[in-house]
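Chain by chain, the residues:
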Amino acid sequence: MNSTTMVSSLQAPRRLRTTRGLLLALVVLLMICAPLAIYPLFLIKILCFALFAAAFNLVLGYAGLLSFGHAAFFGGAAYVTAHAAKIWQLPFELAVLAGTAFAALLGLAFGTLAIRRHGIYFAMITLALAQMIYFMAVQMPFTGGEDGIQAVPRGYLLGIIDLRDITAMYYTVLGGTILGLVIIWRTVNSPFGHILSAIRENETRVTSLGLKPERYKLIAFTLSAALSGFAGALKAIAFQLASLVDVTWHMSGEVILMTLLGGMGTLIGPIVGASVVVGLEHFLSTSGLPITFIIGLFFVVCVMMFRRGVFGELKALLERSKP
Amino acid sequence: MTDIFGVPIAVLLGQLLLGLINGSFYALLSLGLAIIFGMLNVINFAHGAFYMLGGFAAWLLLTALGLGYWETLFAAPLMVGALGAVVERLFLKRLYRVDHLYSLLLTFGIALMLEGLFRHVFGAAGKPYPIPSSLTGGINLGFMFLPMYRAWVIVASLTVCVITWLVIERTKLGAYLRASTENPGLVQAFGINVPLMLTMTYAFCVGLAGFAGALAAPLYQVSPGMGSSVIIVVFAVVVIGGMGSIGGAIVTALALGIIEGLTKTFYPAASSIAVFVVMVLVILIRPSGLFSREA
Amino acid sequence: MAETPLLDVKGLEAWYGESHVLHGIDFDVRKGEVVTLIGRNGAGKTTTLRSLIGVVGKRRGACSYKGADLLKVAPHKVARLGIGYVPEERGIFSSLTVLENLLFPPAWQAGGMAVDEIYGLFPNLKGRDSTSGTRLSGGEQQMLAIGRILRTGADFILLDEPTEGIAPVIIEEIGAALRILKDRGMTIILVEQNLRFAASIADRHYVLDQGTVVDEISNNALDANMDRLNRYLGV
Ligand SMILES: Nc1ncnc2c1ncn2[C@@H]1O[C@H](COP(=O)(O)OP(=O)(O)OP(=O)(O)O)[C@@H](O)[C@H]1O
Ligand SMILES: [Mg+2]
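Protein sequences appear in the order of chains C, L and S.
If you read the first sequence in this note's numbering, its first letter stands for residue 1, the second for the next number, and so on.
If you read the second sequence in this note's numbering, its first letter stands for residue 1, the second for the next number, and so on.
If you read the third sequence in this note's numbering, its first letter stands for residue 1, the second for the next number, and so on.
Calculated directly from the structure, the hints in this document are not laboratory data.
Just so you know, even glycine gets a beta-carbon here, dropped at the ideal spot from N, CA and C.
Among the hints, a few may not be true.
Stated by the list, open to error - Examples of chain C residues toward chain L, derived with CB under 8 Å:
| # | residue |
| --- | --- |
| 1 | LEU113 |
| 2 | LEU127 |
| 3 | MET132 |
| 4 | GLY253 |
| 5 | PRO290 |
| 6 | ILE295 |
| 7 | VAL300 |
I would like the entire structure built from these sequences, with the hints used as guidance.
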């Protein structure tokens with residue numbers, strides 16, 4: 001290796017970092033201007049699911065745990081937030097906080113149980129636990145059965161900004177989503193995140209270093225549940241609705257698909273995946289085509305043809321094309 | 001002595017019978033799941049969809065081709081099994097070498113496809129399927145009335161379960177299967193066509209699910225959602241029993257069916273979550289499952 | 001000496017996933033011979049045997065056996081050509097009893113031994129029929145692993161380190177059994193680190209190093225070449 005290539009290989013990361021920074025700024029700028037061009041409620045939906053998928057990716061992509069029960073956190077928080085805002089008449093922030101806290105507690109409980117069993121049982125246990133929450137949502141009086149909780153008041157941000165204005169609602173959700181994504185980004189890049197990845201790669205080695213993998217997994221799982229709940233809470237307020245749809249196992253499956261499709265274990269992937277899936281469903285809902293069938297087809301195609309997901313494949317392609 | 005805690009004995013026994021029937025279906029399904037997991041290392045999420053397919057195959061054979069119950073009960077599992085063989089050959093086979101998370105996701109996708117397709121074509125509503133005339137009526141046992149068809153369902157599914165168990169534990173074929181779960185490469189080196197055996201195993205177990213579906217058709221209506229609601233309960237059953245033992249899977253399934261039936265009698269509101277509550281308790285007390293070999 | 005070898009391996013290469021392990025192995029085995037593969041740990045001896053029966057990743061080269069190219073034979077059909085495999089880790093199935101293990105491999109050719117004959121060869125196995133296979137001691141498991149392929153009628157046996165980790169008395173017994181098999185006309189490839197044991201039955205020795213055959217020594221010339229051999233083995 002001669003000196004010029006060495007210099008350029010040293011500079012590459014820095015250049016990459018600036019490009020990435022610019023790209024990020026561009027995306028944020030686009031998101032700020034987006035309501036001018038696109039129906040804000042649709043954008044809000046994308047944001048909520050992007051956050052949900054990114055939170056889910058924390059356990060699947062970074063800790064290597066396949067949870068089949070994340071709908072319980074997303075949908076459960078939606079119910080609690082809706083109830084808090086409508087019946088308890090809590091202000092916006094407290095209602096969202098209540099939903100998020102509920103999801104965190106539920107995540108702690110699910111995690112404590114599911115992590116006791118290894119590997120493939122984890123998926124089955126989380127699925128079964130989430131189904132239990134679903135049945136409770138069907139039966140408990142406060143959830144409103146098939147109708148769900150409707151006409152949830154949006155309230156005021158910080159007591160002043162009226163969220164009935166859809167643009168204000170959009171920017172609030174955008175702020176919340178960015179906050180959530182930053183938390184995830186910080187977690188993944190912290191020593192904690194590195195240990196998590198090490199556990200996924202080789203659990204025995206981490207154990208032999210005197211660390212307790214279970215504890216790390218549980219913290220990651222709880223954090224993921226809390227952020228999923230945060231996404232669900234924002235969605236409940238923005239759409240003024242909490243319903244059974246958000247707690248079904250289909251929803252747990254959908255967030256897996258978003259993550260898989262975008263590329264698990266990457267930061268951007270789940271966001272890309274969520275946008276694609278939400279966009280696809282939006283398009284399909286008017287086409288008369290069977291949505292469930294097509295979602296299933298996407299799963300099969302993803303698993304068989306590109307397991308790294310759109311973003312993962314793109315990254316691999318870029319890395320291959322590099323000298 | 002006609003009441004227990006205020007519940008008439010006849011009602012209690014009726015619910016127990018229903019529980020036992022559900023338990024038989026759980027047994028047929030969890031048995032298949034356990035064998036597939038042991039041999040292929042795959043959690044077959046599509047198992048419920050194949051159960052639903054069995055029900056639909058029976059219904060279609062009856063309504064479209066006018067086939068009788070018995071022919072249907074024979075043909076439906078075969079059709080479902082054949083589809084299973086195709087799925088194994090085309091898809092699952094290619095995933096054995098990657099993390100088995102992917103085969104779970106694949107079968108999940110297949111489950112969604114099948115459910116979505118049938119819902120699109122046939123609608124969400126249940127399709128009635130008449131009880132065959134040879135099995136209508138019932139027997140008065142003195143303390144309760146036992147409908148013939150229900151008795152038949154229990155006998156038929158338990159017989160199939162026991163035969164499957166015997167084949168695995170007591171025959172040469174069973175020895176090949178058991179050995180393949182340990183060391184497929186070596187079994188292959190002894191001249192046994194392991195890939196074919198895996199395909200046949202998957203087809204057979206999925207066929208069992210189809211059999212359960214066809215058997216269930218006259219009891220419950222046939223509907224696209226019948227598979228996904230049962231598969232999650234069966235997963236809980238499998239978590240409770242552990243997948244290490246075939247006999248254990250059968251016993252656990254029956255016991256949970258009965259527990260569900262009892263809950264329905266004494267505290268109906270909790271009946272849909274009874275199995276999950278038991279699962280939570282088992283995870284707390286014996287994390288590796290009741291019948292697992294590891295603990 | 002114009003007789004064509006029973007097994008003729010030329011330029012055999014093998015991979016485990018991405019890693020290239022065998023880089024061109026050449027050797028041959030004539031009918032009725034006992035040939036050893038020796039070499040230090042990781043030289044590729046086990047991989048060579050596994051390549052012959054098709055349980056590695058990718059393979060390249062030529063392995064002609066009784067007129068067939070083994071690399072083109074489906075893995076489950078190799079045994080049907082009369083090739084019996086005794087793996088290094090013995091491969092006794094824990095979910096099967098001793099008798100079930102013994103009766104496990106199907107007999108593909110006529111001329112296999114009866115169960116009683118096998119018990120005659122390995123008396124330690126007698127009376128243990130219903131014990132779980134892996135409850136046997138290491139030496140007994142080795143006997144079971146050899147015994148079970150004798151039933152199949154295999155006349156070409158691949159033996160991977162049958163003496164590894166086994167008490168001297170049992171090694172004697174295994175050696176005696178192998179000599180009986182040789183007298184019966186069986187052809188054997190023996191992977192061995194124990195030179196004394198190898199010398200007591202083998203006709204020729206191939207030395208492997210880093211995935212290639214680096215030397216061939218006939219058993220008569222073994223003593224004369226001891227220095228060279230020790231250098232290969234790094235002792
Ligand atoms: N399953 C595997 N995957 C990847 N590499 C492997 C695998 N098995 C063996 N190897 C590598 O292939 C090389 C040859 O291994 P092999 O087992 O053939 O050696 P050996 O000569 O039998 O050694 P030993 O005397 O220790 O049994 C070694 O470098 C080993 O690390
Ligand atoms: Mg070896």
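Verification of the supplied hints:
{"no.": "1", "hint": "LEU113", "result": "holds (5 Å)"}
{"no.": "2", "hint": "LEU127", "result": "holds (6 Å)"}
{"no.": "3", "hint": "MET132", "result": "holds (4 Å)"}
{"no.": "4", "hint": "GLY253", "result": "holds (6 Å)"}
{"no.": "5", "hint": "PRO290", "result": "holds (4 Å)"}
{"no.": "6", "hint": "ILE295", "result": "holds (6 Å)"}
{"no.": "7", "hint": "VAL300", "result": "holds (4 Å)"}
The earlier numbered hints are all upheld by this structure, with none contradicted.
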